[in-house]
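**Student:** Residue numbers for the sequence shown, in our numbering: 4 to 198.
Source of the hints: derived by calculation from the structure; they are not laboratory data.
All clues given are correct.
Straight-line C-alpha distance at most 30 Å; calculated DSS-like pairs for lysine-lysine:
hint: 1; residue 1: Lys175; residue 2: Lys90
hint: 2; residue 1: Lys191; residue 2: Lys30
hint: 3; residue 1: Lys79; residue 2: Lys30
hint: 4; residue 1: Lys80; residue 2: Lys117
hint: 5; residue 1: Lys190; residue 2: Lys175
hint: 6; residue 1: Lys14; residue 2: Lys191
hint: 7; residue 1: Lys53; residue 2: Lys30
hint: 8; residue 1: Lys65; residue 2: Lys117
hint: 9; residue 1: Lys67; residue 2: Lys175
hint: 10; residue 1: Lys24; residue 2: Lys53
hint: 11; residue 1: Lys67; residue 2: Lys190
hint: 12; residue 1: Lys190; residue 2: Lys30
hint: 13; residue 1: Lys90; residue 2: Lys166
hint: 14; residue 1: Lys24; residue 2: Lys79
hint: 15; residue 1: Lys90; residue 2: Lys128
hint: 16; residue 1: Lys171; residue 2: Lys14
hint: 17; residue 1: Lys90; residue 2: Lys65
hint: 18; residue 1: Lys24; residue 2: Lys109
hint: 19; residue 1: Lys128; residue 2: Lys67
hint: 20; residue 1: Lys117; residue 2: Lys190
hint: 21; residue 1: Lys25; residue 2: Lys80
hint: 22; residue 1: Lys191; residue 2: Lys80
hint: 23; residue 1: Lys14; residue 2: Lys65
hint: 24; residue 1: Lys24; residue 2: Lys67
hint: 25; residue 1: Lys109; residue 2: Lys30
hint: 26; residue 1: Lys65; residue 2: Lys166
hint: 27; residue 1: Lys109; residue 2: Lys25
hint: 28; residue 1: Lys190; residue 2: Lys65
hint: 29; residue 1: Lys67; residue 2: Lys25
hint: 30; residue 1: Lys53; residue 2: Lys117
hint: 31; residue 1: Lys80; residue 2: Lys24
hint: 32; residue 1: Lys191; residue 2: Lys24
hint: 33; residue 1: Lys79; residue 2: Lys25
hint: 34; residue 1: Lys53; residue 2: Lys79
hint: 35; residue 1: Lys175; residue 2: Lys14
Derived Cβ-Cβ restraints for the label pairs, each shown as a range:
hint: 36; residue 1: Lys166; residue 2: Asn143; range: 48 to 54 Å
hint: 37; residue 1: Val27; residue 2: Glu158; range: 42 to 48 Å
hint: 38; residue 1: Lys175; residue 2: Pro141; range: 41 to 47 Å
hint: 39; residue 1: Asn113; residue 2: Lys25; range: 21 to 27 Å
For every residue, glycine included, the Cβ atom is placed at its ideal position computed from N, Cα and C.
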Amino acid sequence: MKKQHVTTLTKNDTVQNLTQKKHVITKPGRYVFILLNWSGTLHVTINTSKADVLILGLINAKRKERYSLSTVQHHKKPDSQSQTIIKIIAQTNSHVTFNGTIRIEKNAQNTIAKLTNNNLRLSEKSFVSATPNLEIMPNNVECTHAITTASPNTEHIHYIKRKGIEEKQAIKLLTDGFANSIFQEMKKYDETINL
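Full structure from sequences and hints, please.
**Tutor:** What follows is the structure, encoded as structure tokens:
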């Protein structure tokens, strides 16, 4: 089994105190980065073969909170992989921006890089902006990205309400379900984190 390295970054005074974290991976192994209600830039440079990088992020922006998150998966050597999964919940009057970049240098053949961002807007007054950036130089790579932004599904809310649950509680159940999959994945690597 590959050696695992886990780094957890948690809430820092949101946008007012942006942090930039740079990590250079120089040895093969599994590297996990957990971002929980964190603002800033996480730049991971993969400068070795046989590295496996996983970035998991969850932002639950409440009231007038503001978050700005950027991730960079920068592959410089061949035969490595990286995956970023970010989930954002934007509640009343919150403001969240996310920029995800995958950069694969010309000599980083046989790289696998993935970027996924799912956003849930709970209020018309909330704001979410998400931008993927792909900079791919070689031709023998697998690179994917997906970004979605949605509000709670009215049909799901209606179905839950028919079971005798009030609308506010129905939205909370849907929101908890949205966050739970990424949160459970985070708990596999860091049992100390809490929502």
